[in-house]
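Asker: Chain by chain, the residues:
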Amino acid sequence: MNDKVALDVKNLNLDLGGKCVLANISLSVRQGEFLGVVGPNGGGKTSFLRALVGILKPTKGTISWYATAPEEQPIVGYVPQSAYINQSNPFSALQIVVQGAAQSGPVFGKNRRQTIERAKALMKFLGIERQIATCYVNLSGGEQRRCLLARALMRSPSAVLLDEPTTGVDQYGHSRFCNILNDLSKEGVTIILVSHDIPVVSRFSKRIAYINKDLSWEEYLSN
Amino acid sequence: MDWVELYSIFDYGFLRRAVIAAIMMSLTCGLIAPVVVLRRLAFSTDGLAHSSLGGLAIGILFVSNGASPSLLSYLISFLFTVSVAAGITYLSENNRIDSDTAIGVCYVAAFALGVLVLSLRKGYSGHLDQFFFGSLLAVNHLECLLLLILGLISFTFIFRHWLSIGKWTFNEEMARAEGVPVKKLRYFFMFLVVAVVIVSSRVVGVLLVTSMLILPGAVGSLISHSMFGITIVSVATALASSLIGLSISNSYDVPPGPVIVLSGFLIFLGAYLTQYRKKLPLLC
Numbered sequence: 001m002n003d004k005v006a007l008d009v010k011n012l013n014l015d016l017g018g019k020c021v022l023a024n025i026s027l028s029v030r031q032g033e034f035l036g037v038v039g040p041n042g043g044g045k046t047s048f049l050r051a052l053v054g055i056l057k058p059t060k061g062t063i064s065w066y067a068t069a070p071e072e073q074p075i076v077g078y079v080p081q082s083a084y085i086n087q088s089n090p091f092s093a094l095q096i097v098v099q100g101a102a103q104s105g106p107v108f109g110k111n112r113r114q115t116i117e118r119a120k121a122l123m124k125f126l127g128i129e130r131q132i133a134t135c136y137v138n139l140s141g142g143e144q145r146r147c148l149l150a151r152a153l154m155r156s157p158s159a160v161l162l163d164e165p166t167t168g169v170d171q172y173g174h175s176r177f178c179n180i181l182n183d184l185s186k187e188g189v190t191i192i193l194v195s196h197d198i199p200v201v202s203r204f205s206k207r208i209a210y211i212n213k214d215l216s217w218e219e220y221l222s223n
Numbered sequence: 001m002d003w004v005e006l007y008s009i010f011d012y013g014f015l016r017r018a019v020i021a022a023i024m025m026s027l028t029c030g031l032i033a034p035v036v037v038l039r040r041l042a043f044s045t046d047g048l049a050h051s052s053l054g055g056l057a058i059g060i061l062f063v064s065n066g067a068s069p070s071l072l073s074y075l076i077s078f079l080f081t082v083s084v085a086a087g088i089t090y091l092s093e094n095n096r097i098d099s100d101t102a103i104g105v106c107y108v109a110a111f112a113l114g115v116l117v118l119s120l121r122k123g124y125s126g127h128l129d130q131f132f133f134g135s136l137l138a139v140n141h142l143e144c145l146l147l148l149i150l151g152l153i154s155f156t157f158i159f160r161h162w163l164s165i166g167k168w169t170f171n172e173e174m175a176r177a178e179g180v181p182v183k184k185l186r187y188f189f190m191f192l193v194v195a196v197v198i199v200s201s202r203v204v205g206v207l208l209v210t211s212m213l214i215l216p217g218a219v220g221s222l223i224s225h226s227m228f229g230i231t232i233v234s235v236a237t238a239l240a241s242s243l244i245g246l247s248i249s250n251s252y253d254v255p256p257g258p259v260i261v262l263s264g265f266l267i268f269l270g271a272y273l274t275q276y277r278k279k280l281p282l283l284c
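As given, the protein sequences belong to chains A and B, one line each in that order.
Reminder that position 83 of the first sequence reads as 83 in the working numbering, one-by-one numbering, no gaps.
Reminder that position 262 of the second sequence reads as 262 in the working numbering, one-by-one numbering, no gaps.
Looking at chain B on its own, in the form it has when it is part of the complex (with noise of 0.2 Å):
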């Protein structure tokens, strides 16, 4: 692929807005890994995902003529996924099963609903594959901008609780004792994931979008010992991944959201194999 080849894809509106969803997520998602892999929410997380389906499929089949989401299905998504966060914790109050098990349950639940109220659809004229594995060239203005308006929300918490969330990851009871409002940014972080979870499962799918969630912090833990360092480290794995597994799949005509996780994988093996090597200086 030459270089006219390369910078002749922004002469396409789909491709544009492709880049920029890929880039937009990624910087979200790159912020929020961390915290979700020293916090170690890997499997709610993938829970959340896979429920969010319920909700976009029920936002679709009430609100939505075409194959795309609109904001209100959106909005009806975000709705049903944090009433099944609120049912998970529900379940796992009262120690009568645990949360590994509460979330196992619901969301297979709210996953089966979802394709059930697909299916169900008359003249639903989408397939099934774009919810599983994302439709990254379908992506819209909307989606654009609500992956963006996610961004600025993502980084300005980050960024107003750093410490505060340093101290979360390492110890919630110590933080607690600190005077970190540790309910507050369990219920204010679950609701960003979950808005997160929705619109970037545009992009990468509902099936793939957890790992987004996962291998940036994941690499970035294998590299750095400060939440300054793995922050970084996992940004860059995001971008990196996002950037070459578009242009992969603009080179070779192949789904984008599995080639995108599978950089990202890629990049993780790497960090894993190299990480008896000196990690990088402390940035904290």
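Pulled out of the complex, with its shape left as it was, chain A reads as follows (with noise of 0.2 Å):
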């Protein structure tokens, strides 16, 4: 972790179908700072991890995203609570990994050997390699939110936050899922994990924010 700011969120508000969801958050995040952000259900935890990642624009108050280098743009990785699949839907684990590449358009001959080298690696790097020619909706829970990081990693992300990684999966696979975490943070990566887990969360990350519609109290850990 470093001094360099990765996030700065002033005066955040959000307002959903005229309910105020979030009032007035403001909060820095640190290049490769690992943040848990706990909270009552209802309380706009999901919410405003989707401002921070544009799916909802705040209704008052900026979100600014900084890159490790000043030239490059940010890139934010992003793994939902629960991402809605089709039950039939047929992509394998591969195909949801390579899908997260930075390109719009097709990728071919070389470029294209390399995308797949480098998802293949990250599945391998998050203990998911088995798994690469299986149906996506086939996998297990824990599986499925592995792939779902791979995908969030492929594109090297300066930050990748994710919502409730761990519900319904096992102790050891929370331990062994923010472990990871835990790594990506040591390598300059800044985590931001929502989860319901205080004690999972108190374990690997570096502070607490807990929101409640607001901030309600921060904590720095000795982690």
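Quick caveat, the hints were computed from the structure, so don't treat them as lab data.
Remember, it's a predicted structure, so these values are computed and weren't measured experimentally.
Incorrect hints may appear among the rest.
Computed footprint of chain B on chain A; a stretch qualifies when at least three of its residues, placed anywhere within it, have a C-beta under 8 Å from a C-beta of chain B [unchecked claim]: (1) 52-60; (2) 105-114.
One-sided excerpt, in silico: chain B residues whose CB lies under 10 Å from chain A [as the list claims (entries may be wrong)]: (3) Arg39; (4) Arg96; (5) Ala138; (6) Phe159; (7) Arg160; (8) Lys167; (9) Glu178.
All C-beta atoms in this analysis are idealised placements derived from N, C-alpha and C, irrespective of residue type, glycine included.
Dock the two chains into a complex; use the hints.
Answerer: In structure tokens, the structure reads:
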């Protein structure tokens, strides 16, 4: 973790359907920091994350992302809480990861080979290399989360945001997943993790923020 | 049927146009069908197909003198069907009714309007069944050209936004977070589907055109794990069903539209029954 700022949120307000979901949240996250976001159900944690990645537009306030190097564009990866997937979707795990590549058009020749090799390498890093040809919908919950994390990492993001990535995953899977996130954080990737599981978040993150419509409290941990 | 008889069909202009129209329709529908299937737009597409009859009927009523629609009547049909799509979006937006209901309500009204308008037209010399079941053998140069243009537009759109479309078909929210312009994709794709449905209904008819936007994609998704593989299989299925259907229709003097659709269905059935075999190698 260094002193450079990766994310600067100033006075974030968000209204959805006429209801105030987030109010006056100001927060700064440094590059390589592992921030845990906790809070009660309906407190706005998911909406906060969705506003950070640009899915929801703030009613008021600013969200500024900064890349590792000044001349680069910040790239933010996102692993949603429960990606709604059509259960008859035929895509393989490898196809899902490859889709995370930066291009919008097709990839040919050497670029295609490199893209597929990178996808396979990420799947190996996350321990799901045996599921390359398996349909995504046939993966276990934990494997699906790791597949989505591999997809998010395809573009070499400077930050990764994860919403309840360990829901429905056993304790061993929890720890294994968070260890991976910890390793990423040590390599300089900013991690923002939303979770109900305060003990796990406390164990791995450097800072915890409690969100219940506003930023109720923050605490730095000695991890 | 011997080879001389087979090649002799190209001596006839109407048969040449029929083959060209069938091939162009297959290529276009084959490219679009994977997105329709993966985005679960089958019912929406069916609704738009039925709605297009209302527009075609209004266009023919005010513009055409003969039974064949003119370019202006196709344009009127396009605008009418896009309006129906906008109406469906409006009705389902505030959650008072869900989108399935909105589609069902709107398309039956548009379809009924089309049937009524066609039956009211004075001196109308066409038959309703040419719109319902298509009239591939009556395809004219304009329709061939429209199918060619739509084919080029579809290919360009799919090619240029290949990975973005793949991301969009997997999960719309993640795609948006990854910078895909989801709203623009959705609207452009809707316009493209409306245009393809309207012109392709000349080939297989309003009642069956949806099958050309579903069956090939369904076959692709049964056989391949990847967007590339699904698209290749989809295009191949659409082409095969069109050419098989056309040759059977020519040999046995039966309407080509239903035969094309039944050929596609048999290919789908074959793919479904053998789906437990190892799927094609990853082609992403």
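Asker: Under the constraints set out in the numbered hints, which ones does this structure not fulfil?
Answerer: 4 and 5
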